[in-house]
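Construct the complete structure from the given sequences, taking the supplied hints into account.
Chains as they are written, first to last, in our numbering: chain A, 1 to 283; chain B, 1 to 467; chain C, 1 to 208.
If you are wondering where the hints come from, they were derived from the structure by calculation, not from laboratory data.
Check each hint, because a few of them may be wrong.
[Said to hold, decoys possible] Keeping only pairs whose Cα atoms sit at most 25 Å apart, straight-line, the calculated SDA-like set for lysine to any residue is:
{"#": "1", "chain 1": "A", "residue 1": "Lys-55", "chain 2": "A", "residue 2": "Arg-107"}
{"#": "2", "chain 1": "C", "residue 1": "Lys-37", "chain 2": "B", "residue 2": "Met-182"}
{"#": "3", "chain 1": "A", "residue 1": "Lys-65", "chain 2": "C", "residue 2": "Asn-103"}
{"#": "4", "chain 1": "A", "residue 1": "Lys-55", "chain 2": "C", "residue 2": "Ser-157"}
{"#": "5", "chain 1": "A", "residue 1": "Lys-65", "chain 2": "C", "residue 2": "Ala-51"}
{"#": "6", "chain 1": "A", "residue 1": "Lys-219", "chain 2": "C", "residue 2": "Gly-6"}
{"#": "7", "chain 1": "B", "residue 1": "Lys-230", "chain 2": "B", "residue 2": "Ser-157"}
{"#": "8", "chain 1": "B", "residue 1": "Lys-408", "chain 2": "C", "residue 2": "Ala-51"}
{"#": "9", "chain 1": "A", "residue 1": "Lys-65", "chain 2": "B", "residue 2": "Lys-230"}
[Unchecked claim] These stretches of chain B come out as covered by chain C in the derived footprint (C-beta under 8 Å, 3 or more residues):
{"#": "10", "stretch": "93 to 102"}
{"#": "11", "stretch": "114 to 123"}
{"#": "12", "stretch": "298 to 307"}
{"#": "13", "stretch": "351 to 363"}
{"#": "14", "stretch": "386 to 395"}
Glycine residues also receive a C-beta, built at the ideal position from the N, C-alpha and C atoms.
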Amino acid sequence: MALGVLRAPASAPRPALAAREHDPLTMRLSDEGDTGEVVYLRYCSGCHGVAGDGKGPAAPFLSPKPRNFTSGVYKFTTTPSGSPPLEEDLLRTVTEGLHGTSMPGWRFLPLGERRSAVKHVLAFHKEWELRTAEPPVPFHENPVSLESREAIEAAIARGRDVYHKKATCWSCHPGYMPVPDLEKLLGGPARSDIEKPLPKPDLWEEVILPPDFRTATLKSVKGLQDLYRAVTAGVGGTAMPTWKGALSADELWSLAFYVDSLRPPPYSVVNRTLVALAEAEGK
Amino acid sequence: MSQDVPAAAARPLVIRGLVAAHFAAAVASLVVSVTGGFLFSLLFVQRYPFEGVELLSPGRVRMVHTNLIAFGFLFNGFLGALYWALPRVTGRPVLDARLGWLIFWVWQGVLLAVFLGILAGHAQAVEWGETPVWIDPAVVLGAVLLMVQFLPCVARSGEKALYVTAWYVTAGLIWTGLTYIMGNYLPQFFVPGASGAAITGLYIHDLVGLFVTPMGWGLMYYFVPTILKKPVFSHGLSLIGFWGLAFFYPLNGVHHFLYSPIPMYAQYGAVVSTVAVEVVVTTVIVNFFMTLRGRGDMLRTSLPIRWFFTGMVFYFITCLQCAYQVTLTAQKIVHFTDWVVGHSHLVMFGVFSFWVLGMIEHLWPRLAGREWHAPAWNAWCYWLSTIGMSAMFVTLVAAGLLQGFLWKELAPWEASVVSSMPFWLARTLSGVMIVLGIFLFGLNMLLTAFAPAPRTEARPALAAARE
Amino acid sequence: MERFSGIFLVAGLAFFLFAFVAMGAIPYVHFVDLPIKTAEDLAPAVLEDFADLERRWPEAFAAAFPGGATVQSCAAALREGRDVYIAEGCWHCHSQYVRPVSNEDARWGRISAPAEYHNELQLPQLFGTRRVGPDLTRQARVHSNDWHAAHFYNPRSVSPTSVMPPFPWLFEDRGKGPEPNRKGLSTIAYVQWLGSWIPLEERNDFAR
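Below you can see the structure in the form of structure tokens.
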């Protein structure tokens, strides 16, 4: 792989590349086929722009907008919110795509090409060489058995308490109990429009809604581990902080179980497991 | 006009005006069709000139390309040649000259409607029958009128044993009408999904096998012996060829949808009968090459013979290819790829269009009463078409293999597109050769017909053709 | 064998009829008891995506479908989208069935079954015979509605190497840049419908 290409300052104008972008006749599968910039131009530049600024020709149609890579901040990482991401984090997003957005999964792209594209994406930040990612948030194994209904239901109940009392997630996300009940639980006042999420601006100057778990597609969540990771690491560039240290591993996992139980059945591992266990008991 | 009018009929055996008119319409359609094909090919190298123009959207232009080849060029070309050949074969004129002109104008009206209708977005979702739904009745009417026009000529011939040409034409005319009705009405209104696909498959292939092929071979059985001035090699082989085609060809259609949700026994049946049909048509090719034996010099001296036999070599290649590609093993890779596009171009252009061009090459001077304006142009057309066609075939077959294997290896879709692009560029260039050749041919026809030079009656070949 | 009547009756009619029965009519018999689903039957599976179009382009949607996103308007959109799919010749470069070979299930998802096609929108059927672009039977939610809008407006904007032509006449500008018109909205709904009948949890991961 041509490392020199990756070191080129990303913000510098690249007229030669821009011209090539429009002429796939010259973008054959050759030795240059797996350099990051060729992969990026071929698959990513339409939305994210040749300069990585999120202003590709398709961007005006898209909502949410394609990420601007020059900011160097990424939402879905295993590093604590605010830290530069690991390559693996971007690789996961590239591979799986982001649900409910226009970012498709690129699992058929050879791993090497995906990796080199990710390196190219990271290099769009001006000082990318100087930045080091913080270590990823610790990953604890799931302590709750998925074989037992009681254990799952207990985890959901614990998570419900953590959600509403200790972590006060309802200050941005909706609260999922009647206001009087919540105020009794808190022993103090809660926000009055609690059934709705509270709009907040993000780093890229867009006002976004924190997800209401009952309806929203979660962009980077496929299973419980992803929920655990999102809560623990936070979501970069948004008001969702890292909960690393503030909550214990057990609390974080029960929060994941609770949030997952709010989701519609096709997406929710917990709800589908509960149904399956109930059926097994019935037989 | 013709000197030897049969005593029984007080009208000419051959209506020359109709032959000429159909040939002119055929080549006009061909010019439009190859231009459309060339334009469409530019899309594949991202250089389509009318991007964003609704009426010239490439998807629509593609349908104009395929429909004008079938219903414009081949249909008109075969009709013109039939008006010349069939009365000579049976010794009877066609039913009526006025009916002939009615059919001619109905048919050109249909073509215009198809051309405009498809460009205006009225295409029908029947492959190779994208003729808008509202024009289908006129096509059926045309097909029925053709039977009325030509079949009496065969039925009344009064001979116990008909000549081969008449077999093919008789069966072909019936098949054409039935095929069109089946393919354009059943899947459109009555039979959805998988069973509809089975019928559409029959339609696609019947149009090739039950319209184009019988007309093509039938006319070859007339023109080749006439020009070579010797009889066909084997009557037995002619019989095998005809009846084998008649039995096996209609069973082929489902092979366009192998591994689809159509019931598997239909798919197996289609594969077996396809292989059978390829064996059968090989006997026909043998028959013709044995007929050529001893007159091989005609390949050099007679351009029509060269067109015909080049077409037959291509025919043999497509048959061989087809017997291979129709197997379920090959289908895994080559289906849906450019391999098939290469195959269909070789059949439709390399074989049947070559034959029609050869017939026009042979007859046009006789119709115009003049020598070709520039015989060299026609030789150019032959070489450009032959080389262009060969190059296109090789290119597309290779591209097809590449695409098929990339898909199977789960490469990103874009990889198959990007890697095909050099092949698509080569395809466009080979297409340019064909387009140039066709333009030369069309221009030559025009200049021959309207040249200020006096008509010559002196040439012995021309006089002989009046027989 | 060389007489007119023999050729007319045996080759012309009998052989053709035999092939039609064997290859067309008998396969059809498998499906005669299966009801042909109407667009209204099919619309509920894609209604959520249709409603999402209304959220994204409220004015364009109101102009195109004044009654809002209902089963009826969605069915109308599916029919109209299918018509665009036919008129533009989409079906010449995209197929609509997943074969059990060549790793196609790994790429697109569940292998196609006959019953999936027994509906009004497959009349005429749209299996297709060429893939310049990918198969579309399992397209539902693989891409978002706005991805499709960007893609129909100019395919090369999202996929620079694409050879698909642009379809700007499926859009109109109401002062906020190009937005899909009735045809455009219908076409997007039609594409999102393809495969929407497969339960979400049974689709390939990337389609969820």
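Taking the hints in turn, this is what the structure says about them:
Of the pairs offered as hints, the one joining A/Lys-55 and A/Arg-107 holds, with about 24 Å between alpha carbons and a cut-off of 25 Å not exceeded. Taken as a hint, the C/Lys-37 and B/Met-182 pair is honoured in the structure, with Cα atoms around 23 Å apart against an allowance of 25 Å. A C-alpha spacing of about 33 Å is found between A/Lys-65 and C/Asn-103, which places the hinted pair above 25 Å, so the restraint is violated. For the suggested pair A/Lys-55 and C/Ser-157, the alpha carbons sit about 11 Å apart, so the restraint of at most 25 Å is met.
A distance of roughly 20 Å separates the Cα atoms of A/Lys-65 and C/Ala-51; the hinted pair therefore holds under the 25 Å criterion. Our distance criterion of 25 Å between C-alpha atoms is broken by A/Lys-219 and C/Gly-6, whose separation comes to about 70 Å. Among the hinted pairs, B/Lys-230 with B/Ser-157 is consistent with the structure: their alpha-carbon atoms are about 23 Å apart, no more than 25 Å. This hinted pair does not check out: B/Lys-408 and C/Ala-51 have alpha carbons roughly 36 Å apart, beyond 25 Å.
Restraint check for A/Lys-65 and B/Lys-230: the C-alpha separation of about 76 Å exceeds 25 Å, so the hint is violated. With 0 residues having a Cβ less than 8 Å from any Cβ of chain C, the stretch 93 to 102 of chain B misses the three-residue criterion, and the hint is violated. Figure legend: the stretch 114 to 123 of chain B, annotated as covered by chain C; annotation consistent (3 residues with Cβ-Cβ distances under 8 Å, at least 3 required). Residue count for the stretch 298 to 307 of chain B with a Cβ under 8 Å from a Cβ of chain C: 0. That is fewer than the three needed, and the coverage hint is violated.
Counting residues of the stretch 351 to 363 of chain B whose beta carbon lies closer than 8 Å to any beta carbon of chain C gives 0, which falls short of the minimum of three for the stated coverage. With 0 residues carrying a beta carbon less than 8 Å from a beta carbon of chain C, the stretch 386 to 395 of chain B misses the three-residue requirement, and the given coverage is violated.
Comparing the model with each earlier hint shows violations of hints 3, 6, 8, 9, 10, 12, 13 and 14; every other hint is respected.
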